[in-house]
Amino acid sequence: MKAKRVFFLLFLFLLFMFGYSWQVYRAFPKRERLLSDKAYQGKLVFQKYHCIACHQLYGLGGFMGPDLTNVISRSGEAYVKTILQYGTARMPRLGLTQEEIEAVVAFLKAVDSSGRFPLKKDEYKIQWYGDYYLHY
Amino acid sequence: METTTSTTRTYRHFFIVALLCLSAGVWIGHLGLWSYLLPEHLKDILPFRMLRAMHVTLVVAWIFAAAIGGVYHYIQKETQGNYKPILLKIHLWGYVLLGGIILLSYFLNRYGGREYWAFPPPLAIGIAVLWLLFAWNTFKAAWNYKQEKCLLEWPLYLWMWATGILFFLYTFTEVYLWTLPFFGKTVLRDITVQWKAYGSLVGSWNMMVYGTALYLATRPEAFRSYACSKTAYALYLIGLANLIMGWAHHIYPVPTYQWIKTLAYFISMTELIVLGKLLWDWYRFPPRFQGPSPYRYYLIGGDIWVFLNLLLAIAISIPAVNLYAHGTHLVVAHSMGTTIGINTHILLASLFYISEPLLSEHQRRRSITFFYLFNIGLIIFWLGLIVAGFHESPLIGNPTTPHIKYLPQSNQWMWVVLIASIPIAIAITGITTILIKRLLNAVS
Ligand code: HEM
Chain A
312 MKAKRVFFLL FLFLLFMFGY SWQVYRAFPK RERLLSDKAY QGKLVFQKYH CIACHQLYGL
372 GGFMGPDLTN VISRSGEAYV KTILQYGTAR MPRLGLTQEE IEAVVAFLKA VDSSGRFPLK
432 KDEYKIQWYG DYYLHY
Chain B
434 METTTSTTRT YRHFFIVALL CLSAGVWIGH LGLWSYLLPE HLKDILPFRM LRAMHVTLVV
494 AWIFAAAIGG VYHYIQKETQ GNYKPILLKI HLWGYVLLGG IILLSYFLNR YGGREYWAFP
554 PPLAIGIAVL WLLFAWNTFK AAWNYKQEKC LLEWPLYLWM WATGILFFLY TFTEVYLWTL
614 PFFGKTVLRD ITVQWKAYGS LVGSWNMMVY GTALYLATRP EAFRSYACSK TAYALYLIGL
674 ANLIMGWAHH IYPVPTYQWI KTLAYFISMT ELIVLGKLLW DWYRFPPRFQ GPSPYRYYLI
734 GGDIWVFLNL LLAIAISIPA VNLYAHGTHL VVAHSMGTTI GINTHILLAS LFYISEPLLS
794 EHQRRRSITF FYLFNIGLII FWLGLIVAGF HESPLIGNPT TPHIKYLPQS NQWMWVVLIA
854 SIPIAIAITG ITTILIKRLL NAVS
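Chains as they are written, first to last, in the working numbering: chain A, 312 to 447; chain B, 434 to 877.
Please note that the accuracy of each hint is not assured.
Each pair of labels, with its calculated beta carbon distance range [what the hints assert, rightly or not]:
{"id": "1", "chain 1": "B", "residue 1": "Leu708", "chain 2": "A", "residue 2": "Phe318", "range": "31 to 41 Å"}
{"id": "2", "chain 1": "A", "residue 1": "Tyr331", "chain 2": "B", "residue 2": "Tyr666", "range": "13 to 23 Å"}
{"id": "3", "chain 1": "B", "residue 1": "Tyr666", "chain 2": "A", "residue 2": "Thr399", "range": "49 to 59 Å"}
{"id": "4", "chain 1": "B", "residue 1": "Gln691", "chain 2": "A", "residue 2": "Thr399", "range": "33 to 43 Å"}
SDA-like mimics (lysine to any residue), calculated; alpha carbons at most 25 Å apart, straight line [to be verified]:
{"id": "5", "chain 1": "A", "residue 1": "Lys315", "chain 2": "B", "residue 2": "Ala674"}
{"id": "6", "chain 1": "B", "residue 1": "Lys579", "chain 2": "B", "residue 2": "Gln513"}
{"id": "7", "chain 1": "B", "residue 1": "Lys618", "chain 2": "A", "residue 2": "Asn381"}
{"id": "8", "chain 1": "B", "residue 1": "Lys522", "chain 2": "B", "residue 2": "Thr596"}
{"id": "9", "chain 1": "A", "residue 1": "Lys431", "chain 2": "B", "residue 2": "Ala753"}
{"id": "10", "chain 1": "A", "residue 1": "Lys341", "chain 2": "B", "residue 2": "Leu610"}
Take a look, some chain A residues computed to stay more than 12 Å from chain B by CB distance [to be verified]:
{"id": "11", "residue": "Phe322"}
{"id": "12", "residue": "Ser347"}
{"id": "13", "residue": "Gly387"}
{"id": "14", "residue": "Glu388"}
{"id": "15", "residue": "Lys392"}
{"id": "16", "residue": "Gln396"}
{"id": "17", "residue": "Ile412"}
{"id": "18", "residue": "Glu413"}
Rather than coming from a laboratory, the hints here were simulated on the basis of the structure.
Small disclaimer: the values here were computed from a predicted structure and weren't measured.
Here a beta-carbon is modelled for each residue, glycine too, at the ideal position from N, C-alpha and C.
Produce the complete structure using the sequences and hints provided.
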């Protein structure tokens, strides 16, 4: 009797959990970007050099360097390519090939057009109950 | 009898490995901080990318190894269930070998993974296989155990360990969903699922660590029945809801569906109930540091850090506040505050609980002195990160600020953090030395 009840509860629980997870997995919000093959290669390059140890996307990552979500629209492709090629006084030169640099830039462009971070005042709206909605 | 001695030896080895990871982890964190603050001079001598990957891997390996050793030990003690010694040994040596390969891959600058799991992805298969072995060993030992008058027949700590073990398998699989194009070839879906996995994975190790805390707290005869009480189970359900749905408080600025985030906001606010319960317990049984028993100090220390971290976590889970805190060192205060303040305190309490009978009077007193040193360092470290976050936030929020103005190199509060990390690292080295000496003696 008891075992049955436990299994029934467990079944309901798993049903709920996978239902919820599936809803999250399939989410395709209006600003979603499917990556081109080149941008996808760029994402793998971003992982290969572990850029996220020092940088963030949407504020998530390590904090030694700046957030890169909108670096393309902020500073332009040429600037990003130069930094990747030579490093700076503070960022090490990581030795990416030309092809890898092109790919990372394609990836960062896709990220750039997917949203904004940090948010400007007119890009969100705070609700009375403490939530905020994005507004761009 | 012989099997018991052999398994005892193996989980003591788990503790020794765990302590070595912790000590190495804090010193590497300390070195990393130098390079973080003086990159112009140190970026090539102390490469931060490598040090950060090693730091995070080592401290997470500490949490897992100490939790795993404890779960093995306590399950055997409570249920009298037995393990196959050889399977435990395979788990231990597999853990050491895999950890060694991961560190070596960082040393050789071979990444390919993502934040926290930065090693080349094929190594993850090894982690999953070892975890299955862990699940097999523990479930086999505890399966037939029943406790009378206990809700659902197992004391809650067994349910918590079981939850942690199963959820790790699920969330760790989720961490690697990016290898499928359906996830990997997107931007927002991928970030969302990545943080769903990370948030819940931390929740799963917390289940193991909090289960350990519950086990320790209910050892005195007077408190035993608490592990079977309705209140304890209700708190567990709150923890479980947060584990499954709370993660989205990490991604409020990501432009994905609003309902995912609003749901996480409301779920996160259920932590207020935990906060209330903690305060109520303190009102009824005020925590007191007393007696020459280090394990009680570390357990109470963990409680106090639960309180402090809950305040911060609840605050930054309110989206309007998160707007201000996200992407600053306030978040690092949260992550290191919880892993050091809560997890490390509880796990050290567990290790002291097990080794206390072996410690001399002098070693106990020294362990308590280190407790104070550790906590003085930690409170300054934590407050330093918080103040550093407050300092950065308005600069980051203003799009005309050049980034150099808000990077940690220009943030004088980060130097407070660096200085405070020294007593922490010294205290941890001291604790490690005492515990490893005793454990080694007991093993031989
Ligand atoms: C002397 C002590 C320590 C120092 C100096 C230190 C330093 C650091 C640094 C510089 C980072 C990188 C932050 C960033 O990317 O912006 C970091 C991250 C981290 N540390 Fe530590 N650490 C110490 C001890 C610990 C301990 C004992 C633990 C856990 C038991 C821990 C857990 C973590 C975690 C989980 C992260 C990732 C944080 C995140 O991504 O938000 N640290 N630490």
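Now the hints, each set against the structure:
1. B:Leu708 with A:Phe318: 31 to 41 Å: holds, 34 Å
2. A:Tyr331 with B:Tyr666: 13 to 23 Å: holds, 21 Å
3. B:Tyr666 with A:Thr399: 49 to 59 Å: Between tyrosine 666 of chain B and threonine 399 of chain A, where Cβ atoms are some 55 Å apart, the hint holds.
4. B:Gln691 with A:Thr399: 33 to 43 Å: holds, 38 Å
5. A:Lys315 with B:Ala674: holds, 23 Å
6. B:Lys579 with B:Gln513: holds, 11 Å
7. B:Lys618 with A:Asn381: Answer holds: lysine 618 of chain B to asparagine 381 of chain A is near 19 Å, not above 25 Å.
8. B:Lys522 with B:Thr596: holds, 24 Å
9. A:Lys431 with B:Ala753: Distance of about 13 Å is within 25 Å: holds.
10. A:Lys341 with B:Leu610: The hint holds at about 22 Å.
11. Phe322: holds, 15 Å
12. Ser347: Violated, because the least Cβ-Cβ distance between serine 347 of chain A and chain B comes to about 9 Å, which does not exceed 12 Å.
13. Gly387: holds, 15 Å
14. Glu388: holds, 18 Å
15. Lys392: holds, 18 Å
16. Gln396: holds, 16 Å
17. Ile412: holds, 17 Å
18. Glu413: holds, 18 Å
Hint check: a violation occurs at hint 12 only; the rest are consistent with the structure.
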